[in-house]
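Enquirer: Here is how the chains run, residue by residue.
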Amino acid sequence: MTVRVLVAKVGLDGHDRGIKVVARILRDAGMEVVYTGLFQTPESVAVAAIQEDVDVVGLSMLSGAHMTLAPLVVEALRQRDSSIPVVVGGIVPSNDVADLKAAGVAAVFGPGASDEEIVGAITSLVSPAE
Amino acid sequence: MESERAYDRWRRDYDAAKLRRPSFATMSGIEVDPVYGPPDGEFPGVYPYTRGIHASMYRTRLWTMRMFAGFGTAVDTNRRFREIIAAGGTGLSTAFDMPTLLGLDSDDPMSLGEVGRCGVAIDSIDDVRDLFRDIDLSAITTSMTINSPAAIMLALFVAQAEEAGVARARLGGTLQNDILKEYQAQKEFVFPPRQSMRLVRDTIAFTAAEMPKWNSVSVSGYHIREAGSTAAEELAFTLANGFAYLELAREAGLSVDEVAPRLSFFFNAHIDFFEEIAKYRAARRIWATWLRNHYRAADERSWQLRFHTQTAGVSLTAQQPENNLARTAIEALAGVLGGTQSLHTNSMDEALALPSEKAARLALRTQQIIAHETNVANVADPLGGSWYVEALTDEMERQAESLFAELMDMGDGSMLEGCIRGIEQNWFQHHIAESAYQLERAFNRGERIIVGVNDFLDGNEAEDLELLRITNEDERKQITRLATVRQRRDDDAVRRARERLATEAADPEVNLMPALIDAARAEVTVGEMMATMAGVFGRYVEVPVL
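Going down the list, the sequences are from chains C and V.
Residues in the first sequence are numbered consecutively from 3, following the numbering used here.
Residues in the second sequence are numbered consecutively from 2, following the numbering used here.
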């Protein structure tokens, strides 16, 4: 089964270099990738993820707002009874990683994460139940 | 003049220039010439300026060490500004927070988590009053890094300065105001491209008529490069955007010579040392050639490309962050050997957070070491004549010309039209995304080594840097400030100012600056002015390309 991933930019952060590169890496790894463009809200991401029936949501965050916005995306999904895992990539200081995980984020990829690391983590998030 | 030899022209200007020191020598006492090369070759300060725009370059004045600052509320940033001035700074450079850059008020739901985080929050003239409190705006220059709401920020600045008794004609500074690169790379756009260009036109025309000391656009390649372009793409797209603004101003009835001297440029200094130097040299030569031959500028100042440089944020690593000091030093040196007019050096912690005070100081010290210890500023264009650097300079120019030809084709002979259609057709965005992807591929295949990231990993565990932490406290403070303004202002005046703005926005022949200044005085907020214009202009939604 093909893994489906929604990659998203939430809030006002316009840095889209990383998300575009990661989207292509995931495609190269055989996944289907949906990108909804800039300036999304936690709600619009949750709605799109459910509509598109994706297996994983990937957020790209480089402005420092991850502690505010990433938990809101998890919450918006849970409010809609969805258990789709949320992963975060971008500039996240290591002290914030534990707090993000406590808020329900499944994995965090810092700057310099390798292709294998990202693809591997997403694959294992999707497959353990099977 | 035409027939005067480059050497004679250079000699005359050099001899007339004031110098920082009576003589320049190496550390061991060898006297050095101001520039080296064959007598029939190119010289700095002489067309086509490959070797620099001034005859005496840094012998007269070192580059400006312009460090960019802004955080929290206007009161916080004002305190920082006054420290800079007390330390001898004569230029301020304002960083705005993300909501302000997108023209949103601090109490907008979309602003949540971003207020005061990456820069200062400005909602109304009230914040501008606090931002420049006790600062004499006629005695310093102010750079404002803002694009989509640039016209609004200029209006707020003019209104506040006049309230403080400084006439607009006496205000000196720079507005980034480079909207084209927002669609191409930085992505902080609000209105559709053509409507945004009308605002740029209005600011260019307004400053040309009323603010003789103001630089209307800082044409910025920095963000294009950070978004992933190659050096040649950065060079070509930036200069093409510069040509587009000239054509825009010409459409508004201004001559090239009225506008070109007020455009400045802003380039990246990435880690490939010689390629960067070649890029700056090619930039000057291309600009001079096009301005003289294609745009028929007669004023020499129109031919001279002035630029600011910032070291590459994207080259910095979160791993072993102290290594970033070395990267930044090498990049800064490239900017200086390339003849930059001003320089911002990044702090070593910028892959992790906004700079701490200590990291920002080290970044400035890096420039001071280059300026005062290395003697590299003694000789203009010291790499000119290197077979390698000259060949790279020619290659940069060749690649840029080939991209210009594509843009001219796309625009049916107009660079302005070519740049706008290039955005609408995702041509720029595709180029940049493809180059970013290719770089990533090379990194992932191990062909490109990044120290501490895919090799030389010892020491990656330690992370003991003191980072600047920004809390949500500033966001709460700013929202309270804004609520006070909304409560006390004259609602009728606000309504009238917004109606005038809407009416005038609907007529593309009208210059919107007077209506915006009027709105600024009535304490209309940035978010309200943007919303009023968006009601007429619409909002731009990018169709993302992967």
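Think of the hints as simulated: they come from the structure by calculation, not from any bench.
Wrong hints could be hidden among the right ones.
[What the hints assert, rightly or not] Okay, the calculated bits of chain C under chain V, using three or more residues with CB under 8 angstroms as the criterion:
hint	segment
1	10-17
2	25-31
3	45-54
4	64-77
5	111-120
[Claimed, not checked] No more than 35 angstroms apart at the CA atoms, straight line, and that leaves these computed lysine-lysine pairs for DSBU-like:
hint	chain 1	residue 1	chain 2	residue 2
6	V	LYS19	V	LYS214
7	C	LYS103	V	LYS214
8	C	LYS103	V	LYS478
9	V	LYS359	V	LYS214
Note that the coordinates shown come from a computational prediction; the quantities given were computed from them, not determined experimentally.
Every residue, glycine too, gets a C-beta built ideally from N, C-alpha and C.
Enquirer: Would you mind marking each hint as holding or not holding in the structure?
Expert: Here's how the hints hold up against the structure:
Taking a C-beta to C-beta cut-off of 8 angstroms, the segment 10-17 of chain C contributes 5 residues in contact with chain V, enough for the three needed, and the coverage statement holds. With 4 residues having a Cβ less than 8 angstroms from any Cβ of chain V, the segment 25-31 of chain C passes the three-residue criterion, so the hint holds. Coverage of the segment 45-54 of chain C by chain V is violated in this model, with 0 residues showing a Cβ closer than 8 angstroms to a Cβ of that chain against a need of three. Counting residues of the segment 64-77 of chain C whose C-beta lies closer than 8 angstroms to any C-beta of chain V gives 6; at least three are required, and the coverage claim holds.
Only residues whose beta carbon comes within less than 8 angstroms of a beta carbon in chain V count, and the segment 111-120 of chain C has 5; three or more means the coverage holds. For the proposed pair V/LYS19 and V/LYS214, the alpha carbon gap of about 23 angstroms is at most 35 angstroms, so the pair holds. A threshold of 35 angstroms between alpha carbons decides the hint, and for C/LYS103 with V/LYS214 the separation of about 52 angstroms lies outside it, so the pair is violated. At most 35 angstroms may separate the alpha-carbon atoms for a hinted pair to count; C/LYS103 and V/LYS478 meet this at roughly 29 angstroms.
Simply put, V/LYS359 and V/LYS214 have alpha-carbon atoms about 34 angstroms apart, close enough for the 35 angstroms limit, and the pair holds.
Violated hints, listed in ascending order, are 3 and 7; each of the other numbered hints is respected by the structure.
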